[in-house]
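Student: Please model the complete structure; the sequences and the hints are all you need to start from.
Chains as they are written, first to last, in full-length UniProt numbering: chain E, 1 to 306; chain F, 1 to 276.
Since the hints were derived computationally from the structure, they do not count as laboratory data.
Please note that a few of the clues may not be correct.
Unchecked claim - A few chain F residues facing chain E, derived, Cβ under 10 Å:
| hint | residue |
| --- | --- |
| 1 | S2 |
| 2 | E21 |
| 3 | F27 |
| 4 | E84 |
| 5 | D88 |
| 6 | G130 |
| 7 | S151 |
| 8 | A239 |
As the list claims (entries may be wrong) - Ranges between beta-carbon positions, derived for each pair:
| hint | chain 1 | residue 1 | chain 2 | residue 2 | range |
| --- | --- | --- | --- | --- | --- |
| 9 | E | G214 | F | G269 | 31 to 37 Å |
| 10 | F | N58 | E | P274 | 25 to 31 Å |
| 11 | E | G48 | F | G251 | 30 to 36 Å |
| 12 | E | R161 | F | R225 | 27 to 33 Å |
| 13 | F | G269 | E | P239 | 44 to 50 Å |
Using N, Cα and C, we set each Cβ at its ideal position, and we do this for glycine too.
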Amino acid sequence: MPFHLDPDKLVDLERAAGFVTDGAMVALGGGLSARLPMALVRELIRQGRRGLHVVGSAHGIDVDLLVAAGAVAVCEESYVGFEQDLGLAPAYRRAAQEGTVEIRESCCATILAQLRAAEFGLPFMPVRGVKGSDIRRLHPEYREITCPFTGETLVAVPPLRPDVALIHAPLGDRHGNLHLDQPYVLDERFAAAARNVVATVERVVSTEEVVRAGVTIPAHLVSAVAEVPYGAHPTSCYPAYAYDRPHLVEYTRAAAAGGTELARYLDRYVTGAPTEEAYRKAVGEDRLAKLTTWSASTAAWKELFA
Amino acid sequence: MSFSIDEWFVVLLARTIRDREVVFHGFGSPCAQVAMHVARRTFARDMLLIEGATYAVNPEPPFIPPTGNDLSLQQGARYRMRFEEFFDAAARGDVDRMFLSGGQIDAYGNTNVTAIGPLDRPKVKLGGGGGGCNLAATVRHLTLWTTRHRSGRTLVERCDFITDMGHRTPEGSRAELGFTGGGPEWLVTELGVFDYDADGHARLRRIFPDVSLDTVRAATGFELRVAGDLRPVDPPSSAELAAVRTIDPLGVRRAEFSPEELGRTFVHGTHAACSC
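Tutor: Pasting the structure below:
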C-alpha cells in the first residue's frame, strides 16, 4: 500500500519469510496449481509461524500444507482443493470438519471488490451478487445498502488489506521489479492492496532484462525479493516448468492419511529439509529437470500429465 | 461407431451453447471445459470461449490438462483477459453462459459446493465455489451439470448450504433479489436432461436410452416433474465425437464419472439412432 523506495531489496528466503508475523493476514499469489509461493510457504512452516489468516482466490497445496502444519487460524479463499484430478484438499477438509480452522470461504469477485476498496482508499465497494447465497452467513461484516441513484439494494463489502502478499515470479531484479506470465490471477491487486509484498523469483536478473520481459509488479510496491529456483514447486512456473503431478499425488496421499504419513512428508520435504536447496535434493534433480521438458513437444508435455 | 457415456454427456453439455454466445466455465470442471471446445469446433464457431482459470480467449489447446490453470489452455489465444476484466464483464451482464456444478443441486437450481452437513462441523467440507456466488447472479444463462445423479445424494430437496443461487432461495426469487441474470436454463446429468418450468423448477425433458423413468425418480430427491414431450437424448454426431477425442486425448473428462458409469457404452443404430 505505501510505496517502498529502498534501492536494494534482495534478501535470503529466511529474511523474506520474516516479513510475515504470527497472526498476520497473508495473501497468497498464483492460483490452483500454478505459481503458488511454495518456497515461502515452506519457510513459514520451518520458522514455526502460527495463527495466520490466509486469503486468496482458488488455491491448493499452499493452503493445505500451511493448514497441515498447524500454521493457520482463518481460511478466506474462494476454493481450496485439487480439482477433479486429485479431489478435495485433505488437511483443509479435516481441519474444517474438526473445527480447528475458521472457514470464511469467500467468492473471487467479492475478494476482488474488497481489494479494490483498499486500493481506492474507500470504506467499501458494492457488489450485486452474494444475496441469496449462504456465503453471507460466513461474513457478518457485509452490509446491505441502497443505491442513492437507482434505489437498488446492493451488498457493501469492506476493504481487504493483507499485511503481506506472497508472490512468486519467474523474473525479478534486486530493486523488486517483477515480471509475471499470464494469468496474473489476483497478484497485481494483492500487490497494490497489501501493506508489504514479499516475492521469490526463479532468477534475479538485470533491470533491463525485467523491463524487456515486461514489469508486471513495479519495485515501489515490493518490500523484499529473494532468489529461489523452483520456488513454486510442486506447482508450475511457466515458461520454466510444469507442475509436478506425481509429487502432488504423493502429498495428497500423505495429507489424507494424516498422522505419521503426513509427519513423514513434512519431515522429508519441509521441516527436515532446512533449506530450499535441501528441498530440491529431496525432490530429486532429475525429477525437477523433467518438469522443464514440457516445451520439447506436445507428446513430452502430455507425458507429464499422464 | 461406438461411444461411451462420458463422450455423449459432454456432447449434450456442448449443445446447451448457442453460437455467438460468450461462454465461461469454472475450474475443476473438465466436462464443461471439453464441451465448450467441442461446441466451438462444431456448431458454435463464432462463440467467445473464455477459459475458466486462465481467462484465455478462444485458445486452441493441444490437449486438456488435469488442472484448469495450465499454459496448455492458453495456446493459440490471441488475447488473455485479466482476472478483473472477466469478472467486470460478467458483473456488467456481458457473459451469456456459465457452466456450474455442485455436490448438491436442488429443484430450483441452487448449488452447494461449500459443505455437506452443518456448517460449523460439516460432514464433508467441499472445495468452495470460486467465483460462482457473484457470477450466478449476473451471467445470462447457467448450464448446470452433475455426473453423480444416480447416487441419490446430489439432486436434493434442500441444499445444506447455498453457494450459488438458482431461480429461488429462502431469501426470494431472482427478480425479488434484483439479479440481472436469467438463472439455470439446463441441468444435464448422466441420467437425462432437465430444463426449468415457469416456477423455476427442474423438469425432465430428455432421458438416456438405457435409463428408466423409475431410475430417475428414485435418484431424484425433489419432486420429479416430467415434460409432456419426454424423449430420449439425441445421439452424438461423428463430428462431435471426433471433436471430443481430439480435444481431450488424456480423457480428463472421465475423472468426473464413477467407474461403473464409464462402463456404459453405446453403438449408433442399437441404443442410439445415427445422427451422423
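Student: Evaluate each hint against the coordinates.
Tutor: Comparing the hints with the structure gives:
At a threshold of 10 Å, the smallest CB-CB gap from S2/F to chain E is about 24 Å, leaving the interface hint violated. Nearest Cβ of chain E to the Cβ of E21/F: about 20 Å, over the 10 Å cut. The hint is violated. Because the beta carbon of F27/F sits about 6 Å from the nearest beta carbon in chain E, less than 10 Å, this interface hint is met. The interface hint given for E84/F is met, as the beta carbon of that residue sits about 6 Å from the closest beta carbon of chain E, less than 10 Å.
Evaluation of the D88/F hint against chain E yields a held restraint, the C-beta minimum of about 9 Å falling below 10 Å. The interface hint given for G130/F is met, as the beta carbon of that residue sits about 5 Å from the closest beta carbon of chain E, less than 10 Å. The interface hint given for S151/F is violated, since its Cβ lies 16 Å from the closest Cβ of chain E, which is over the 10 Å cut-off. Hint on A239/F is violated. Least Cβ distance to chain E is approximately 22 Å, over the 10 Å limit.
For the pair G214/E and G269/F, the supplied restraint of 31 to 37 Å is violated, since their beta-carbon distance comes to about 56 Å. Taken as a hint, the range 25 to 31 Å is violated for the pair N58/F and P274/E, whose Cβ atoms sit roughly 47 Å apart. The hinted window of 30 to 36 Å between G48/E and G251/F is violated, with their beta carbons roughly 43 Å apart. Distance hint check for R161/E and R225/F: the Cβ-Cβ separation is about 49 Å, which falls outside the suggested range of 27 to 33 Å.
For the hinted restraint 44 to 50 Å between G269/F and P239/E, the CB-CB distance of approximately 48 Å keeps it satisfied.
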